Structure formats: structure tokens, C-alpha cells
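A.B. asks: What follows is the residue order along each chain.
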Amino acid sequence: MRVADLGRSVDLAEAGREMHALIEELYPLCRSITGAGLRTTLARLAEEVPLARHEVPTGTRVYDWTVPREWNVRDAWVKNARGERVIDFQRSNLHLVQYSVPLHRRMSLAELRPHLYTLPDRPAWIPHRTSYYEESWGFCLEHARLAELSEGEYEVCIDSTLTQGSLSYAECVLPGDTPGDVLLSCHVCHPSLCNDNLSGIALCAQLAKLLGGCARRFTYRVLFVPGTIGALAWLSRNEPDLAAIRHGLVVACVGDPGKPHYKRSRRGADVDRAVELVLRHTGEPYEIRPFSPYGYDERQYCSPGFDLPVGSLTRTPHGEFPEYHTSADDLSLVTPEALGASLGLYLEVLAVLEEDRRYRGTNPKGEPQLGRRGLYGALGGLPRRADAEMAMLWVLNLADGRHSLLDVAERAGLDFRIVREAATLLSDHGLLEEAAVDGPVDSPSRDRS
Amino acid sequence: MRVADLGRSVDLAEAGREMHALIEELYPLCRSITGAGLRTTLARLAEEVPLARHEVPTGTRVYDWTVPREWNVRDAWVKNARGERVIDFQRSNLHLVQYSVPLHRRMSLAELRPHLYTLPDRPAWIPHRTSYYEESWGFCLEHARLAELSEGEYEVCIDSTLTQGSLSYAECVLPGDTPGDVLLSCHVCHPSLCNDNLSGIALCAQLAKLLGGCARRFTYRVLFVPGTIGALAWLSRNEPDLAAIRHGLVVACVGDPGKPHYKRSRRGADVDRAVELVLRHTGEPYEIRPFSPYGYDERQYCSPGFDLPVGSLTRTPHGEFPEYHTSADDLSLVTPEALGASLGLYLEVLAVLEEDRRYRGTNPKGEPQLGRRGLYGALGGLPRRADAEMAMLWVLNLADGRHSLLDVAERAGLDFRIVREAATLLSDHGLLEEAAVDGPVDSPSRDRS
Amino acid sequence: MRVADLGRSVDLAEAGREMHALIEELYPLCRSITGAGLRTTLARLAEEVPLARHEVPTGTRVYDWTVPREWNVRDAWVKNARGERVIDFQRSNLHLVQYSVPLHRRMSLAELRPHLYTLPDRPAWIPHRTSYYEESWGFCLEHARLAELSEGEYEVCIDSTLTQGSLSYAECVLPGDTPGDVLLSCHVCHPSLCNDNLSGIALCAQLAKLLGGCARRFTYRVLFVPGTIGALAWLSRNEPDLAAIRHGLVVACVGDPGKPHYKRSRRGADVDRAVELVLRHTGEPYEIRPFSPYGYDERQYCSPGFDLPVGSLTRTPHGEFPEYHTSADDLSLVTPEALGASLGLYLEVLAVLEEDRRYRGTNPKGEPQLGRRGLYGALGGLPRRADAEMAMLWVLNLADGRHSLLDVAERAGLDFRIVREAATLLSDHGLLEEAAVDGPVDSPSRDRS
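Residue numbers (this note's numbering), protein chains in the order written: chain R, 1 to 449; chain P, 1 to 449; chain C, 1 to 449.
These are calculated hints, taken from the structure and not from any lab test.
Hints may contain errors.
Cβ pair distances, simulated, as ranges [to be verified]: (1) R289/P - P28/R: 55 to 63 Å; (2) G430/C - R402/R: 23 to 31 Å; (3) G430/C - E111/R: 36 to 44 Å; (4) E421/R - T362/C: 31 to 39 Å; (5) E433/C - P285/P: 20 to 28 Å; (6) D159/R - E433/C: 40 to 48 Å.
One side of the interface only, derived from the structure: several residues of chain P facing chain R at Cβ under 7 Å [unchecked claim]: (7) D241; (8) Q300; (9) S303; (10) G305.
None of these values were measured; they are calculated from a predicted model.
Backbone N, C-alpha and C fix where the C-beta goes; we use that ideal spot for every residue, glycine too.
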């Protein structure tokens, strides 16, 4: 099976259920940019796919950053005067501001209050807050619950550790038949949040599993990295190989029921065109966004010193669904259907990237006689040609060694698959030969006359 | 008289009637891609314009194709049990599928039926069908008539011949004063069909006649060729001269009352811009279409091995009027008015191509003083300048040896004629000199700031 | 104070009143392309700003033009049979067609009439007409007054002189700290017309005064020149220095209450982008126009032999307000508010041009850690970043030595000032260094992916 065949062979509904089940399993873990929850998550993923797990020691410089101390939490709570846990890490790991320093003391509500974070507009939800690089502590809670807290003394306990340890990340490398790498990257640093983090993790694991069973043109590098510092750590350890990256996608927020959104790469790349082509031909609503330097790890991959051809295909983008970074980004926000549909889109995009080729016609002067070869309706005079025949004519017309199949599909306004099938058919009949690719050829992507 | 003067000197109404009369005369002939009807058509055209007629023997290889046997028909019919001709080639040559092999035998309606073609949606019309490259036979008829055929035995007779002969095509070459050719091509292979074939033939003949009486900048090559195989035959016999082709248009469907449509060349060319400019300034509705590899012989001229600067200016495009490839594409579909209007458009386009020039101003620094030369209203202070004065200012402003008059007209939003007249006037006053053209200069067509 | 600080430090209301007062003072003078009124105007401006005044003798060739004789008028009138001045230059200098030759004789109304100019549609207004380069004479008057003139004899007197003299123009040169000139040019040749001429004069004087008190990156050349011939005279005397001009604006019609209009340069330039950016971020209506070779002295600066990067920022363009070139373009048409607002726009544009830079990030691989430097909210997890933080991310992302801050602002959709402030902040923290500019770098202005 080739990568391009996955789209048709995979049962997306079943795969969606599998991904949701994995999300459910990983949901309770208290992930952060370091620590036991992250490590356990990667260990669990290693059961699914061949995973090289890496540890980067605290204090390691990665470009302008330094790997922080490892953070672990045993427990954390705030007790009222009656000794009742009014805020309890055991109920939800979101209650604790990530990277809160250890603490155990009594204080008044007035003293505690500046350390409490709520969402006044969403009084039933717990926000997600972090303080990775500033020594601090705090609790997040439902605004409604805060309102109920009476004055008086509270006992505050954060049983956390900040130690010389390491940052964990993992990579699944699936070697391909020809030079060129495809980067798929998700962040793994968020605690009990489903769409923002677990959906991307599950989709990347699923992709890695499926790609592992295929003949691959490209090498796939599927990254499970803590946001920012993890991506930077991977970049710093893989600098010599970055030039091989032909296409890349940052995977996140792929489980909610919103329409697909694609954020282009900084520099403009074939992956942008491939995603847009696939989305256009779904017939469903979608949205294309220009690159912007805020978001997920495309910020790092597309920083000027790397400027990799990496975009990001999500459903509703970060910050644009109300549940974002709150306890409402839970198991009910992400659905097997949406996960399956996202998987389907990714598979279609990979099919385009894998199958894109440049050809030269063996009979470039005039059209070759398709009818004689049984490739064309024998009876003349009909007013219209079907898509399949138009695809053949387009492929032949642009088979000048300069236009790729992606160019053909864009200019012809046809689905990539039909163009690819036409090329295969014509190739099988000796009417096309693949154009030699000596280094990257600039795609004349905008020459639609 | 120069080519550019034709647009104003020709009586389009009269020319429209002439073209319609020629169509009427040629209408009954059974043209095909070979044979007597085609040959007679070319002979009739040779009475109108100096025509080199060519014969390409059966079996000649032209690129991926082979010239087929010559097809001729004496008669063809289907008789019912009572001996009545229920389908009769003598009534309409569309009744016979083109290139039907000879046949004479009795058969049941059931046996006959797979060989009968009708248009269920248009029960009163006979379709046009061909089988040039597949040995086959068939009849086309009105769907209403098919419904009337009773079961029983029929006598089927196709008195046709398929012999070692030749394919005929013709070319009218009108030499020009300077290097550079303009290609005008129409297909001549359709039987009794008016808009799709005869309108283009009549317009090409009219153009050749008119151009023959002019001083021409370019050499005109007006082709009357059977579709596909004829165009390929001409290409294969003229390969060394193709590099001289600067501009080209495929002429077809120019007689119906629909609005003009222009289909761009594959590569983008000045002819595209000239046609669009002319259409824009008619003030009438029109439509511009991108290139596509389906259509008339632009498919061959724009195949990747040639990629000639050839577009196609039609009225309603092939396949988009209901009468297309049916008996309803008859003498009533094409009108003298529409033919005349089409001629007018072609003459305007040729005027642009012939008159386009690049200039250099002799006073490029600042504006030259037009008033002193009587070229400009002497009285200052008026709020607006007339088009003619704006045209002078634009021509001078862009007279940098890099911009053509076509560029000027596009950027200024002015009719080409007024721009050309301004250039002539300025030239006559020594304010412009023609820029040397050493090989083609790329037109900075998109620099409208 | 730097040029970029002017926008915030200047009291635009006060400056608007100052400009209006200057206009009021200069209003009565009979300016023309030569003569005493022009000279007096320049002398008055020299009281405001350091002004080099130049005289170009009659007969001097400037490119295709020749400096005309100097024109001066002592008086001009038409008296009726009763000796009453029915047209009187003393009441309005618009009554006399500019450059009218001396004359004193009696004539019938019939004889006089061809020399009388009126506006039938605006019977109460006096038109403005000129005849600089054609020996002629005439009077302009209210159409209503013309209707009242009875038949009979009139005494016509034009007490003007046309002598070997000179054309006057003035220039204020304000040297800058680095190579590169900015051209600001207004025409000074119109008599009692406020928006068309005096508003531009007042704004240029104000700009020169303000710029004179600043630290300037660029050298400013503020020109007060008679239209066409004055601009050409300046060009001819400054040819060797024209290559230094980086940016230019023709200043006119900046006092009426209409919305701002910007006319682009011929060649497309950074000044076009700067003005459009500023206008976009005002949140007020505005209009961008393509270059056209009719208008003010941008016609000369943008002629093909110079092709300078000069656009024109006006309020209502010439010829588009009904008062244009009539006595209704008076002190009531221009307002202190509009003049102040125009000044504000010019200052913002100059701020962009002065502050535009290219940077290289000192940590181009990945994002630098802004939080550690206190440049970024310390608490993570928030859904949105403020404009100031987005500006920092954008500047860093495009700090590749290739993109200018103008590019950043355009691509980020942010106000230039916020981008500039972000760059300064990042620079102060050692995260950016200015990219060396060895000659002009082409701006990749259209690469918004």
C-alpha cells in the first residue's frame, strides 16, 4: 500500500473512535513542558508507534532559551477553615497554575486572592494558566466557586518539586524511498485539555501508525514535543537535517466540530497549495489564513533562521473556540467524527505531496491520439468531455517538465486524485515520462492564464 | 490602405450579407476530414482568395497520428418494409455517422437500433456524430422519427467508400512588410453545420480577401484545415516557420447572436491582451475564458511542443449553444449581423496587433511643450482634458522604449485607436521615435500601478 | 526631536490656524508663473523658512521649454460708455486672463465678447484662465454680469508688461544625517486661489518650518515653483542630484474639507506604500488613485526621463471640486481643520519614511525568549496577544535583513508606529541589529502569503 492509498482504505469512523479512545486514556495525566505526566504520555504513545524518546537535561541552552527545571506535582489544594478542600488538584489538574513553586502555609483570602485565576464570563469553567519561566504560584478555579469563598483563613498546599531533571520529547522517524522529509509536529505539554493538545497527539499517533504500514516516498518525522522549548530542542538537535524538510504541518485542534482552517507557511510552499487544493475539493466550508507569528510551533519552524515550509491545518484555531484553555476543552468537545474527518484531510494532503510529479510528454507536438489507445470515447461530436478525459488533456498539455501535477490540478480546477489517475494512465501508455528532478524546481504556481 | 484602416472602411452589414451568402452556398456539401465535400469547399474558397491547396496522402504519419483513408459517400439510407426511405442521407448529410463503412443488408429494428443516434431532449433535431478512427457505421435521426419506427425488417444501405486517397487542406499566405506571422485558422471538416464550421470558414475567407488588398506589417497565414489531423498536418509541414508566429487566432462559432467569448492562449500572449482591450472598449457584454486544452485547434497550436501564442475568439463557445452539433445549427442560427459584428471585432484586433509599437520620447525629461506645436489647447486652466490629449500625455509618459502602445492603452484605460492616433501625431511632430525591436521584448503588462 | 516625533508634538489645530492665516495674507497677490506677485510671495515665505530664491532669465531653455517673458500688471479694466468699470482687475485678479498682452482701445461688445470667459453653469463665479505661451488677451467674469452688459462701446485697458525678466522659484534645503533626499513640491503660480495653490504653499512652509527644528535622517528639499516651467527649471538645474531622491510628494489642494486622495507614483515606490499605510490606519475614508500623466508637477517628476518616486497626496483632487479654478476657491473653501488634518497626514507619512529600517534578528533561530526580558506577559495560556506583542513577534519573524518595517506593518496589518516601537524595544534589548543598506534594496512588497 502506498501513502496515497490510505485515504481510501482507512475506515475514518473507526479511526476516529480509536483516536477518541486514546484521548480518553491520556486525558487525566498532568502534562507540562517537563515532568512525569509528559513522560507517561510519551511512553503510552510508544506502545502505538516506534518512538525515539529523548531527554534534554535542565539547564541545556537551546538557542535563546534554557531548558527549565523539571516540574512534578504530587498534590495541591486549598483548604478552608473547616479543613475542606475548596480547591483540589486531585479533581482537576487545571486547578494548579503550571510550574507553581512548592508552598505550604496559611493565609487570609485577601492574601490568597491575587493568586487565584478565574473566568468571570464563564463562571463554571476552570482556566488553564502557566508560569514556566517566572517563579510563581497560583490556582485556577471556577468563578462561581471563588464567589462562594468566605473571608477567613485558608491553608494552601502545593506539593510540587522543581528539580534538575530533563525535558522529554519523542520522535517517530519513518524512512522513505527517496530524499526529502515531511515534518508532522504536535505539542504534548498541556494537561487535561482535549482539543488543544490531545487531538493533535492522537492524530499524529494515528498518522504515524498508518504511514508505518505503507511504502513511503518521503521520510516522515512525526514529533511529539513540548511547545516552544521542545520544538526548539528538536530543532537544535537536528539542524544539519533541516534542509531535507520539503513539507511540514503543525497538528493541533483537530477534534472539535468546527470547519477546517489552514494557516499558511511564512514563505509560501507547496504544502500550502496542497492543503488548499484538498480543502477546495471537499465541497465543505473551510478557511485559509495567512501566516502569522503567533500560534503553535510553526512560530519556531517558520522563524527567519529556519523558515521551513511548514503550515498548520486545524479545525477551529486556538483561541477562537470559547472552551480554549479551559476545563471545557474536555472529552465532550472532541468527537470521533471530527477526528476522523481531520485524519481524512491529512491523508488527502499527504497523498498530494507524495504523488506530485513533473512529467514530460513523449509526444509534445500536438495531442497524442488517445482514441487509438482506448483512452478516449471513440464516438466524436459529443459536446462535453468528462472530468477524467479533461484531466488527461490537461496533464498532456502541461507535461512540459515544468508544471507539476499540483499545478495541473490547480489550473484545471480538478481534484488531485483525478489528475493523478490521468497521469498514471497516460504514463502506462507511454505518453508521459517523469521529468528528472535535479534539486527543487520553482513551481510556476500563479501562471493560470 | 493599411490593415488598421479596414475597420473603418469596410461596410460590416454588407460584408455580413456576403458571408451569409457564402455559408448558404457551402451548406449542402458533405464535408468531412477527407473527401469530395471538403475538396469542393476548398475549391469554392479558392475563387474568393488566393489559396494553396494541399493533399496529404492516406497513411502519412503526422506526429502521433496517421492520415486516415479518404471517405466518400454516394448515398445512404434505411428503408422500411414498404421500401420507403425512413432515413435518407439525401435529405440531410447529418443522417449518416461520418466515416461509416460501406454496408448493404437487411436487419431487424432490434439489430439496427444500436446504430441509431438521437437526441431524446431535442426530438426534432438530428445529431452530428463521427467515427473517424474506429471502423463503425451508424445513422443519426430525429428522436421523434425513431419513435415512429415500427418493428420489422429494414434495408440498410451505406454507399460509401474508404480508400487510399488524401486529406485536403488549404492555406492563404499574404506576405507582410516586416518579419512576423499572424495565424488565422478555421476548421473545414463539418458537414451541414453553420455556426460550427461554416461561420469560421466564411469569416476567414472574408478576412483573407480584405487583408489581401492592404499593406500588411505582418505576414498572414489563413488556414482552412480539417480539425485536429488537418491542423497537425499543417504544423508538421511548417515546423521550421512556426517560430515566426507572433499572434494567432482560431476562428469558429462567429455567426450566432450570442455575445463574444475569448479563450486565452496557453502561455499568455499579446493577442490575448489585444482581444481583451478591443472587447472592453466595445461597451457590449463579452466574456474572457482561461485557456483549456479542450476545444478547437488551439489544442494543437497550444500543445506543449509548440505553445504558440494562439487564442480563440468566438461568439457562443462550442457546446454551449443548444444547436451545437445538431441539424439546428443551420442557416437560421447564423445571421449576417452577427457575422458582420464578428468581422468588426477581428478587424479591430488585427488593427491593434499591426499598429502596436514601442517608442522612445525625443524629450524624455519633462513633458514636451505640446501647446507650442498646436497639439494642446492653448488656453490654460480648464479642469479636464479630452481623451485625445490624455492619450498624448500617456503615450509620452510611457515612451521609454519599454512600454508598447498596447501597454499604454491598457494602463490609460483608453481605446487603442485613440492611443495610436496620439502616437502618430506625436511622431509626426518629432516627439517620438520608434524603439528598435531586436527580438521580442517582454511586455510589462501588469505594471499598472 | 526627531521627524517621527512631530506628529505627536505638533498642535494640529493651532498649526491649521497658522496656515490659514498665511493663506489669508497671500490671497490678494496676483501670482503667475513670473512676475512681482510671485516674487512677493516667495519673499513672504522666506520670512518663515530659510529659502534660497532663484531667478531664471527670460529665454533660458529648460528641456523642451523656454522661460517666457516676465508678466506684470498694474491695472486692467473694461469701462462702459458711462465710464464705469464693469470689469475691474482691482476687485479680483482673476478678472484678467493671465499673460494678457497690453492693450488700450475702444471696441463694441461684439468685438469684446470673444475675449470674455464665463461659467454659464456657475453664473456668480469668475473663472481662472491663462495664456502663458500664446500671445492673447482676455477677461474672465461672472456669467450673470456678462448677461447684464448692454450693447454699445466699451473701453478696454490692460496695463500689463511682458518684458525680458526672469522666472522666480525658491527652495528650502534641510540637510539630513544620512544620504537620501525627500522632495516636497508645491506650485506657486496661481493668483487668488486658495485650495489650488495657497493651501499647498502654506502646508509646505509649515512642513519646512517644522522639519527645520528636527534631527532629520533625510535631506528635505521643499520646492516652491511655478507649475511646469518652474518644476522643469528646478529639474534642469539639479539633474546631477536627482539620483539622491528617495521619496517625493507633490503638495496641492490640501485645505478643502474633502477626504484625502493619494495618486501613486508612475513607477511604484515606497512613498506610495507609506501613504497608503498611513491612510489605512486613520480609520477615515480615503481614496487611492493610480498614476496618470495629468495633474500637477508629478507630471514632470514622473516623466520617463526622470521617473522619480513621487506621488501626490491631496484632499479633493484638482478639477473635482466645483470651485476649482474659479473665484469660489476662496478663503472660505479652505479651513484650518482641513489644513491641520492634512499636516497630520504628511507628518505621519514622513515618520514612516524616516523610521523605516531593515533589521536582522540576533537570534534568528526560533523566537527569542521575550518573557525573560520582561517584554512579554509572564503568565502563559491567555488566548490573545495585544497589538504591541504581535508587533514584536512580527518584527522578529521578518527580521531577516530583507523586510523593512514598512513590509512588516503591511503584512501584519498593524499601524507603523506600533511596529516601529516594537522594533526599538527589541533593538534596545539587543534582539535586533540594523541591516546594512548598501544601495537600495528592492522591497518584497507583495509577498504577503
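A.B. asks: Does the structure break any of the earlier hints, and which numbers would those be?
C.D. replies: 2, 4, 5 and 7
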